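Chains as they are written, first to last, in my numbering: chain Y, 1 to 706; chain R, 1 to 706.
Keep in mind the hints are simulated off the structure, nothing from the lab.
Remember, predicted model here, so these are calculated numbers, not experimental data.
We put the beta carbon where it would ideally sit given N, CA and C, even for glycine.
Accuracy of the hints is not assured; some may be wrong.
Computed footprint of chain Y on chain R, listed as stretches where at least three residues anywhere in the stretch have a Cβ under 8 Å from a Cβ of chain Y [as the list claims (entries may be wrong)]:
no., stretch
1, 143-155
2, 328-341
3, 602-615
Covered, in the sense of this in silico footprint (three residues per stretch, anywhere, with C-beta under 8 Å from a C-beta of chain R), are these stretches of chain Y [as the list claims (entries may be wrong)]:
no., stretch
4, 76-82
5, 149-162
6, 381-388
7, 450-456
Below are the chains, spelled out letter by letter.
Protein chains: 2
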Amino acid sequence: MARLVLMVSAFVLALASAPAFADGVPAALKQSGLNLMPWPAHVQLHDGRLALTGQFDIAVTGHPGQRVYDAAARLLQHLQQRSGIAFTQHEVATDSGNKQAQLVISVRRPGVLKLGEDESYRLRIDSRHVVLTAEDGLGALHGLQTLQQLLQSDSSGSWFPTVDISDKPRFRWRGLMIDVARHFEPVDVIERNIRGMAAVKLNVLHLHLSDNQGFRIESKVFPELTELGSGGQYYTQAQIRQIIQYADDRGIMVVPEFDLPAHAVGFLVSHPELASAPGPYHLYTRFGGKNPAFDPSNPETYRFLGRFFKEMAGLFPAPWIHIGGDENSGKQWDNNPVIQAYMQPSITSNEALQTQFIQKLAGMIKADGKQIIGWDEVLQPGLEKGAIVQSWRGKDSLYQAAREGHRTILSNGYYLDLLYPASDAYLNDPIPPGTHLKRSVRRNILGGEAEMWSELVRPGTIDSRIWPTAAAIAERLWSPQDLRDVAWMYKRLYVVNLDLEDLGLTQIRGQGVLLRQLAGQHEIQPLQILVDVISPVRGYQRMASGDYTTHSPLASITDAATANPWAAIRFNEWVSRFVKHPDAETEDKIRLQLEGWIANDPALEALIDRSPDLHSIKPLAQSLVTLSKIGLRALDCIDQEQAAPQAWARQTTTDFLQAREPAEATQLRMVDAVEQLVVMALKGDRFGGPEAARDGEKPSVGGRDK
Amino acid sequence: MARLVLMVSAFVLALASAPAFADGVPAALKQSGLNLMPWPAHVQLHDGRLALTGQFDIAVTGHPGQRVYDAAARLLQHLQQRSGIAFTQHEVATDSGNKQAQLVISVRRPGVLKLGEDESYRLRIDSRHVVLTAEDGLGALHGLQTLQQLLQSDSSGSWFPTVDISDKPRFRWRGLMIDVARHFEPVDVIERNIRGMAAVKLNVLHLHLSDNQGFRIESKVFPELTELGSGGQYYTQAQIRQIIQYADDRGIMVVPEFDLPAHAVGFLVSHPELASAPGPYHLYTRFGGKNPAFDPSNPETYRFLGRFFKEMAGLFPAPWIHIGGDENSGKQWDNNPVIQAYMQPSITSNEALQTQFIQKLAGMIKADGKQIIGWDEVLQPGLEKGAIVQSWRGKDSLYQAAREGHRTILSNGYYLDLLYPASDAYLNDPIPPGTHLKRSVRRNILGGEAEMWSELVRPGTIDSRIWPTAAAIAERLWSPQDLRDVAWMYKRLYVVNLDLEDLGLTQIRGQGVLLRQLAGQHEIQPLQILVDVISPVRGYQRMASGDYTTHSPLASITDAATANPWAAIRFNEWVSRFVKHPDAETEDKIRLQLEGWIANDPALEALIDRSPDLHSIKPLAQSLVTLSKIGLRALDCIDQEQAAPQAWARQTTTDFLQAREPAEATQLRMVDAVEQLVVMALKGDRFGGPEAARDGEKPSVGGRDK
């Protein structure tokens, strides 16, 4: 056991020695232990340190606004908590213009929560002082987060590296959407996610507040909306104000979405008279299915929505209201003669009717001093130029909207609920290297947004879907375009994930809770080892494979598994390095991991046998041990420079097929890597020894590896 | 590793075979897997099962009140979540008098939140139906909690055992006090603890709302109390109403405490004119020290307190206000000539002055329709008969107060902050077997209260101090007096602890969070193995050994360790059984555990070496491996029926001394057990083989074990 654990904890070290990348970041800097995420625009690391002591104090100068004072006070608290050092200073007073302080924060103006605010900062640390300068308070907030990420500790204590950082965001809109309609999320879930967003410099929280499964915000004008449409699960206006303030304190805007004209059951339960087909309507407990829509021919629809939006516009200070606009099938419209009559003669399609509807909404909302945001489908001829288009269908529509003069946000590729690994979202650039777009068109691409649709999450699991993947998306949207080194990203993400836990996010601890429930005991280590190499099936596979409702327990192994299983990520990285440069050190790591999985198997299978809720994952445990043995045999062949027998390799086909089968909507994520080892073993030799790996060059071996 | 983990998870099985106890509960029932806590007054277990299916439904008859409907709806949710079965029924309607339902809850009246309410229930489960009957809604709530604890699952699915339970509490007052003054606890911390209280049938939440470190509740009459006395950390009146309602929904009363006349800095910061010595006063950041008191000679004191208590009496529906009354040194009174003059001629001591003060308060509070509760010190001649005395100093004062006609509550022995193991509190009976007290005196002993003083806890660690020990106290206060089987209690406590986690309590998951922070990595298993055999130093040792303030981080290994380390509890139980009946099976378990600790050591020490925050606990790791080796050698001697060499045993003295040394305010908790093995080994033989153990009899071995 000792060996296994040692290896496991070598994670950071293991990934740190990944190959160099053409991203302008020197390898030495990548291996320096600076776990910054998002990585700043410019980083210069020096040799020294600034030791953290009880004398650490903070002074603020200029006109930073309350946000910066509060953030500085939080930093004090955090540094104490992490270092265990009690500071003399407990509060950052608003008149603390003490230029002698160890950290001086100098800010010209508070800044405004709006798109395109400066947000830049400069952070210089020498062996005696930290100087943080920023044009506005929002930039200062970002700088304080960077400083917090810079804290290190070793046997000499806690310290900051001496460093010179200047930084600013690449994109203006760095969002996270949380769908609180399909499954409601209480205020504390939202607040802890706001803390997570601030930590990785995301700046827009988009709340999807209504859908077919519920209406989630109190209206004082139309209290029936939540009385009938929420099942008691909604935010009061006091709570929404609290959320907005909490986000604002951390430099984050809150944008509300009310999905219209379809996805509207949450509205129509209490207002069936505004629907395009007769009611009554009941909240959906299932997902998908028919998608009732407002009646765009009914003047009452606009009277109602006008009053409703006026109320919401007064509640949310952000300059936009998201009106959805997606996935309206038009079927109710087709079958309603009054609507058909209304359309004649000039409205020739449902798309045109929807556009007219959206335009009317945009007009009302403009009168309330706001502009609209809508999903892809709102992009129709005649759409108001000020409207922002949020692209969920792909980059074609993103660029099309931008070319047509609309500001746009990329969501496609950032759907957290689909549970693709963080690397996929990380490499999904709104404007990838080599994209040819005019400067004016580029300028219209505001950024992107991570989307947390909530069919299959509840408060206890949602953090583990959002994080840490959203941190990788945050880096994509903040940091320079040429950063695409996945191994280095994962190395930092591993640490950021722990930092996020420290903020109260539950993506790690929640897994333990679920595993203990499933196992019925405190000790879950054998199960944990399995869960660290599996992840949920991706895309819509799980939805397709089960009959889920809003009442489904969501407490199976797939709810405990995550999109980024660290043991699999690490193992795959080792193998991918080993097949390129087969050195003895990496081989040892791979071998030790495979032996560890085999050693774990009896305890794992015994635990599974004792726990009825786990029986269905026994095939995964069995495949893990089978593949581990195959991997070891392949390594033996490679080691002995003997080609593996073709017959044996052919027999493994059944095992690989079996190992790729999902169980309980989860899958093993180290199968390809083991197969790579077998492929390598079939070649019967290794390309070189440790020397070859050390100088980073593949030795010439002629045609042998045909 | 496999062997180790297998053994670890055999926890429940291991303790289930503990020896019989004279508590009237048949051994078979103890081994039945009914993990009820508190154990009911009468339990009859039958052979059958009631299988849980999607058809499970609930009907309510009689006049149960809203509490029961809400609790039934929560039960539905819980059963779905735990079983993974989706029920057809989602809501328990208030007119659901369907007598055909699988669970019929029949209640005569809602019941009132007051001491001495009936609270009894009867629960009968046959293979087709569950019938829960109760006189009042509070009893029904308890019955639903018992039903929830009865849920079992195995390969055949989820089911209830067929059982006949009739149950009622032994004591009327089963409380938990949370000190929110020294460290503030946000609403969600209080709410999750209320859920935990309800799960184990505790019925009084006592909030210690003011002390020298803070004043924690909004007063609309005197808003300066929190403006100046809370550092922004307090409950608004809306929040307190929310807490009271949340508790009321679960059958729990909330009793507020305002500590007077001393412990009063929280008040005096904003009202220095009412103090017995001139101000100004500042909130304490340290604990202990001088204890300023109100001026009892100042008529303004009573005008202020009269108005204040009138406001609080309107806010809290419970019929009592706790006025503290403890630890007034009287020094400020001695040194204030005005107070000295006021005392002349009739008030001859500070005790008499305090009694007069308390009596005046009691009079005011009576005028507001409430009675007072006070700590021990309020028991003075002349104390109003209706006053309840809460005994923190011991049972002498408990019985004295009861004899003098006061109702009393035991707190002594239930101080959770002192971190004694659950077994200590469990065996601390307000009226132990054999106590001679008149019936009328017994009647005055209302029950007891677990006390969570908060010098050394914060929201992230408080649950791990309260739970699961408070569940053992709950059983002491609810269940029959003769239940004193500690091994069986621990067996059930282990499961209850998991159930409590399921309610959102953080005592298990919080430990992982802290260990990951300390280790700086996700993988903490080697450290976890150490933490499972250590616990914090007990009593006031930690306070004495450090310079703690309200700003101290409280994030060291001792904050992660708990009073009930399961691996040590299990190990100690094995050894204690083994030295009485040395059988091969128990020897194997002990041996395997010792080998496991040795095998873990290299990984543990490597992890400690990498983590500066952990360096100080290296001696514990070293002692664990040293003692494990000693234990194994002792076992070898016992196994070979060869007396261990005296010289060797003498040499171990240094090791035992070293192993008992605290490090980072934690101590190993398996040292005595290993020493017992050495003592046994010195005798050079075993008393008998597995046969001896099997028939539960110690064979006659003459004088050999002198």
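Here is how each hint holds up against the structure:
{"no.": "1", "hint": "143-155", "verdict": "holds (count 3)"}
{"no.": "2", "hint": "328-341", "verdict": "violated (count 0)"}
{"no.": "3", "hint": "602-615", "verdict": "holds (count 8)"}
{"no.": "4", "hint": "76-82", "verdict": "holds (count 3)"}
{"no.": "5", "hint": "149-162", "verdict": "holds (count 5)"}
{"no.": "6", "hint": "381-388", "verdict": "violated (count 0)"}
{"no.": "7", "hint": "450-456", "verdict": "violated (count 0)"}
This entry does not satisfy hints 2, 6 and 7, going by the numbered hints stated previously.
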